[in-house]
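> These are the residues of each chain, in order.
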Amino acid sequence: MSEKDMNSKVNEMLARSEANVKNSGKKFVRPEDEEREVVAPDGSIIKVNPIYDYFSGARPEEEKPRNGIVEKFLNWARAESIWVLGFGTGCGSIEIPPLVTPRFDMFRFGVQMRPTPRQSNAFIISGYLSVKTLKRVIRTYEQMPSPKYVLALGSCTINGGMYYDSYSTINRLDHYIPVDVYIAGCMPRPEALLAGFAKLKELIKAGKAEKANEYARNFDWYKANQKKIVKDWNMPDYNW
Amino acid sequence: MISPIHILTIGLGGAFALGFVPKKAKDAAAVIMLAAIALMGVLTGSWLIGLINGDSAQQVFTAGFKPPFSINLLMGLNEGALTTAVNFIGLLGGIYLYKYLKEAGNHAIMVFLIFIMGLNVVIMTRDIFNLFVFLEIVSIATAGLVILTETGKAVQAGFKYMLATGVISGVLLIGIIFAYYYSGTLNIDGLTQAHIGALRGGSVALLMIMVSILLELKTFPANGWGLDVYEGANAGIGAMLSAATATGMYYVLYKLLVMAGPEWNYWIALIGAVSFIGSNVLALKQRSAQRLLGYSSIGQIGLLMIILGFKDILGDNTPYVAFGILFSHYFAKAGLFWLAGIVKQSDIANWAVIRKKPYFLFLMGTFIFALIGFPPFPSFFAKWELVMELVNTGNLPWVVAILFGSMMEAVYLFRWFGYAIKGENENIEDFKIEWNKILPVGIVAIALYVTGYFTAQHTEAGAAINWIPLFFVAAIFILDFLPVFVKNTIAIIGMALYFYNIYPDLDNMRLVFEAIFMIGGILTLIAGYAYKGKRTGFYPVALLMYAGLTAIIEAQTTLQFFFGWELMTAGSYFLIIRGKRSMPHGLSYMLFSVGGAYALLIGLGMAFAGQDSLGMEIINTISYLPYWAYGLLIVGFLTKTAALGLHIWLPGAHGEAESDVSPMVSAILLKAGVFGIVLTLIGMGGESNSYPWLPYALGWLGAITAFSGNLMAVFQEDAKRLLAYSSIGQLGYIVLGMAMMTHLGWLGGFSYVVNHFLYKAVLFLTIGAVVLRVKTHNMYEMGGLIKRMPLAFIAVMIGIIALSGVPPLSGFAGKWLFYNAILEKGWYLQGAIMFFSGGIAFMYLWRLIHTVFLGQLKDNHRNVKEISIWFLIPIYLLLAGIMVYSVKPQWVLQPLGDMIAQWFPDGQLTWDGGTAFTKYGHWAGTAVAVTIIVAFLVVLALLLISTRKAHKVKQFDITYSGERPERPETTHVAYNVFEGLYKAMWIATIPLVETWWNKVTDFLHDTADIVRRIYNGNGQTYIIHIVLFIIVTYFVIIGG
Amino acid sequence: MKKLFVFIILIALASMLYPLLDTFHGNDKLSELSQFYAQSENVSKVNAQNLVTAVVVTYRGLDTLGEVTILFLAAAIIAFFLKTESEKRTLRKNSEIFKTAAKMLVPIITMVGIYIFINGHLTPGGGFQGGAVIASGVILMLLAFPNMEFNHKFFEALESISGVVYVGLAAFGAIIGLGFLDNAILPLGKFGELFSAGAIPVIYSFVGLKVGAELSNILNKFKSVQAEN
Amino acid sequence: MEYITITTGFLIILAGLWAIMTRKNIIRIIIGFSLFDTGIHIVMVSMAYVKGGVAPILDKNELLTDTANKIVDPVPQALVLTAIVIGLGVTALMLAYAMKLHSEKKSLDIESFKDLKW
Amino acid sequence: MTIAKLGYTLLGLFIVWNWGFLMGATFRKIGARLAGRYGIPFYQPWINFFKNIGVRTTITHGVMYYLGPVFRLTGGIGLFFFMPMVFTGDPNGHWTNFSFEGDLILILYFQLFGMLGMALGAGEGGHPYSAMGIARGLAQHAAVELPLTLAFLSIAIQYDTFSVYKIVEAQQGGFQNWVLFTNPFASAAIILAMLGAMGHSPFNLVKAPNEILIGPATEYEGTYLGFMQSAGSILHVMEAVLFMNLVFGGATSWAELIVKTFLIYFWSVFVGMVFPRFKIEQSITWFFKVPLVLGVLAIIVFSF
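Residue numbers (the numbering used here), protein chains in the order written: chain A, 1 to 240; chain B, 1 to 1040; chain C, 1 to 229; chain D, 1 to 118; chain E, 1 to 304.
Keep in mind that the hints were calculated from the coordinates and are not lab data.
Errors might be hidden in some of the hints.
What the hints assert, rightly or not - Just a few of them, taken from the derived set where beta-carbon distance is under 7 Å, the chain C residues facing chain D:
| id | residue |
| --- | --- |
| 1 | L10 |
| 2 | I11 |
| 3 | L33 |
| 4 | K45 |
| 5 | Q49 |
| 6 | V56 |
| 7 | D63 |
| 8 | I70 |
| 9 | L71 |
| 10 | I78 |
Claimed, not checked - Residues of chain B clear of chain A, computed beta-carbon distances all greater than 12 Å:
| id | residue |
| --- | --- |
| 11 | H6 |
| 12 | N53 |
| 13 | G54 |
| 14 | L270 |
| 15 | S688 |
| 16 | L791 |
| 17 | M883 |
| 18 | V884 |
| 19 | Q908 |
| 20 | F956 |
| 21 | I958 |
| 22 | V1000 |
Beta carbons are placed, not taken as given, at the ideal position from N, Cα and C, and that holds for glycine.
Can you make the complete structure from the sequences, with help from the hints?
Below you can see the structure in the form of structure tokens.
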């Protein structure tokens, strides 16, 4: 399927969901996201718009690498210390745990799991992504500090796989967030994941893993794509 | 001088002549009555003045014969004073009752006039049968006046009254006739000579006379009829009964007691004590204002009877003591009854309505404080004298009985007062002002202050009292209509000038405390500028507290000390009860304070015993039961430091107080207790202390207090309560330090005193100011305020670092000294408990700062402003103090050490520049501070260098498992934060002490509720009570 | 149960009174006080034939003043206590014999009463007794003529005048320096005659008038309220 | 003789008290009170008796000499006079009260007037 | 204070920093070997550190958030400054830092400095798990400190001083002089309570990885994390040094120090490998049982 077809398919999907929303006649907003009025202690009434007041929402900026040898050293360090945030969206998540077993032991490559996106620099998206999950993926991705790397694990993640025509599954992850390493297969075995890490290391060491800056550069495009598919967009534009 | 017999002429002649006044001319009749009473008053008053100026007492003979053959009256000093008092109150009562009397007609006016006249004669007469006749006049007149405002209840009460007094006077008559039979005379002086009590039958006759007078005084428990009258009659009549009649009857008892001989003294005192305690305990369950006052009146008469019983022991002081109590009772009770008539609310809970007219509240407060015996009222001085003398003569059980009774009285009176100050008053109909009713109330209130002042002048120690602060308070009270700004300025200037004047006269130790009181006072007053409007009543009471505090410091005599102590208690009570939900806490504060003050009183009495001096130095050389004396003093002072067991009042009182009051009562007021403990411990001999067990017990108490105070603070949800519990814990440290009785312990204790003042003032001021902004005390309703109030956050942060004792701030100095002291003293387990408490303290401090300032900002606080500048000024001044103390601890600790060395010369710190040495180690405050600050700055510089420009994010920009927070409330970890700790340590949080006190109060209330059912409202039962009372007294006194 | 309890109480009370009874043995001679009163120089100082009256009005005159006051008080209290207006009511008509007898008797009774109090210092009797007799005449009238309009203004005025005179006489003694209630303010007269004993007959007369008026007032009040019930 | 009167007096006092304490009817209670009062008066009068004395009215010449040994004591007689009048006043007032109480509750049972208690 | 002393101190700090990293790596390595894995390379902590320093994005929730790691690291460094490291017989010797003979109370209280700063910083981050972690940490800290303090007091009584230097001095001359043998109760209490102070499993509920993410540090990233790692490594070493000085006779050379701290550290690591994590109330009550009793015994033995 060509990229054009893909796009038309996406648009078709979007139109369908838009129609659904229109037909139902209401826009769904979660109660906690509605603009609300609260009474301040001094009796005055203040308006709170959660999306603007509670989130920074500022656009991301490109963050320039440092110069020369320093950046090289840092890239080496980044490559040798990959802290992974696993995002188990589907069947792929079952392939990640074997990596910590003696058989595969990813630790010896400097790869380790980390529980919070703030402290991770590699993001594994394992398996198909539903529209609903995509929001979480975007938020998590945006919360990771740069430089950050995305590994798309499995066919479903990369091109929709067997769900290529599902109404609720997105079928091209890199329309929504930039992906550094594609690990194809259905499902790829842990060895493939390790190979993916090796590939990532190569990219980092070569200074080619600057997809975070690419995201910032093409922010509008990405955001438009995201908003096209996520109808009940109830997040700030950028999640810090 | 006109003969006193013309009281009869005026009174009776007036009454008879009123028959000529036409029935329509009611005003004329009432005016004639008032004029007649005034004339009697002038007559007796002129006699009183003459007698005071040295005239001799006048005997009045009738019928041209000398006694004992005819009836004679006596006008001596006592009679002069009492008849003047009766006429005075009669006049005021007449003015109060003006409208009622007018309405009831000329006959009622006659009755009232005769009533007053009768009382005059009762007081003056020296013939026992004549006494009987005029007693009958008084009681019949009373029976008539009871139904002045005719209600069903009044009629019932009147009938019971008639029945009871009829039987009582019959008994009296039998007694009189047999007394005549045995002695052949009816003259009281003649009967005194005759000693009929020595005869078998004569003793019974005497008993009947005495018992019937006691019954007329409505002695507990045969007094149901009296209570019914107090409740059922018009309040104005209640006032007359309570003030005038009781005064007259009391003097009758005095006269007859002289006649009965000294062996009756004991019995009178005993019956008085039973009456005093019984009546006051039963009053605990009372909800009806007038009946409550009735119980109180009976209690007061009981107290007066005790005094009478001890007249031989009190000697020349008897009139002083008796008049002191009597006049306080007389004015205050009349005033309260009149107020009851003005307010017209039966249920004491509805007295909240009085608050709608604040000056009435002031009047009520005056009367209640006068009744309990607070300065500057006469009862204070009288009670002091009484206790001093009784302890001096070894009558300790009596003192305990008296103070227990007073305590019970305080319970119900202050509960009542609490309702008046704080009760719900929205739905209660406001009362009307009638000038003829208010005038007498105002006059008696003024009279109370004036008599108080003159009572004080009467004794040497009392005359030495410094009244200037009190006059200043009075001036501020008068200026209360001015706006806050002006009053605040006046108050600050006044305090500053006073401090400037006073400080050269003080020794170092006193200067430390005076500085805390006065400078602290000024600083906390600055915060008062933040308030708008008038803030009615705040300045007088705040300054009253400071007046008391400074009086404690300046006291040269124990009387002055106690005077100041009670003033301070009164002032702080009013300050505390100003808080929104402070009613129960104000009450418990007052009760613990009163209880503590009584412990102090006994302790000071023991110090007085055998030393015959009132100078403060007597507590250094207590010889009479010294263990008990020092113990009682310490217990008294511990109520103010809120040691475990006596701490019930503190959390609520401090927690609910106003924002700038909390620091006053926490950072400043508690130090008064510490000052007292310091004085006591110095008194115990400093290093050569010969009462080792007291400090030992005190030390454990301090340690356990520190532990439980801090532990309780951890589980509070209310920021101010948290700080309040923290104060309990901190005071525990101080007490432990002082109890060690070593140089280092005291140095640690004193450094804590200074420190606790600084940081607790900062914390309470800041949290109070925050509360003013966010309008809630609950920490879980706050959060994230650092964004809105960065300056407040900094203040709290420095405050908690100082409190927790983390180096390099000042708290560490105290901790370091403490552990050195503990090692030196060998109190290791206490030390370990203290350390553990420190760890716990860290928890609540973190909780405080986290839940208030950190975490998630709430919706409704998005626009709150930084705390008021007027709070920031004192806060930052205090912070400057903390910083100076932290960086240069030697500036504080060296002078303190020199001061302490006069009592504890051994084991001093040695200083080498900024380094302090003990034998266990050394500590360089400045060096440590500099090291830490430098390291901090270096690390900060490194961080700044190695990070890029940080992007400022907002509060929901947190990792949330791919989701996002929904509401600040659900994201803020603030409620029940230390659940895990609670699961582990709940056993230590069981409020055993509180339960114990609750049990005690429940027991007392239940007892009162059961026992008071003897007053079943049936007139016959009351007669049975009377007869039983007679029989029991007979069997007890004469013994079958 | 209650009665038993009361009985026990009364037994106990009796045992308390027993010492009084036990030590009572009558009098063999007068008490010192009475001996003084009986001394002839003192008798002549008061100059009243009836010693009891001398004691009542002079030596213990203050008691008597109090006593009068008590009656006055009782009357005044009842007056403002029972001040409800009497209604017209129909009562059983009294027989003519009764009415006529009453009409005839009342002046005699009144006269006897006056006699008793005027001669109080000579014979048994005095103001109270006389007053009571007068009041008995009034009650007779009230019984005989229930609908009779009672002129209480007159009685009240009488009451007040007597009271003021009594107090005035008493105070007069004190003012002229003899002593309050001294009967010597008037000439003592000859022992045993009507005009003797100084102020005693005057005082007793006014006391009698006053007591009569007061008792009458009280009785009238009771009568007038009766209607309600 | 004097024992008889004084004993009678005491018995009447006790009887009066019995009535006051046990009767329910207010009028009876007042009667009891009157009895009680009367008993006291009898006791008082019996105090006055001197063996062989006559009434202290000196209307015969022989009484004018050595009076003290011939008359009975006038003082208790004077006192009892006062006491009687006082008793009368009190009784009258009580009766007035009784009327008022009755008009209030239409009852004369003392048990029904217990609005004020405790 | 001379420049040389400052130099020695900073050198010592550098050694401690590195030794802390190495110990951390070894801990992981041991864990891996127990699980039959190869595990991380021993230099992994350094790489992690540099990577973290090199993270480009920096966010801040506010000033206090920013200062939190600074407090933490200052707390570690300060603790190092106030601790005499190597016993040379000279109280102001080269490796005694700015300890002024090492006042035990100062050390005990200064531990709180970093904890407090961290707590405040993490608090401003606004993450619920941070607050939970801190609450747990404070509660456990208080519970741990009770037996520890009793034991420390016992040692202070034993040698009549609060000076760590003097305590070390008194233990010189053979292992029979060590507190471990002269004051067995206190030593036992310390050895047990130490587990809590080190914060490894079963007492790792502060961080409680995968339960409350990683506790206080949840919101911290990049450079902050690097600083906190450094602080953690220094603090771990300093805890071990403290126990070494108090119980195991101190160290007369860096080699001895490294060996002893390694053994002390690994006592807690080994226990942690075996036992699963306690809940907070279990943890607190555990310290109130055996260690507390031992502590009280230690006091009683030496106070009478």
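> Against the structure shown, which of the earlier numbered hints fail to hold, in ascending order?
2, 4, 20 and 21
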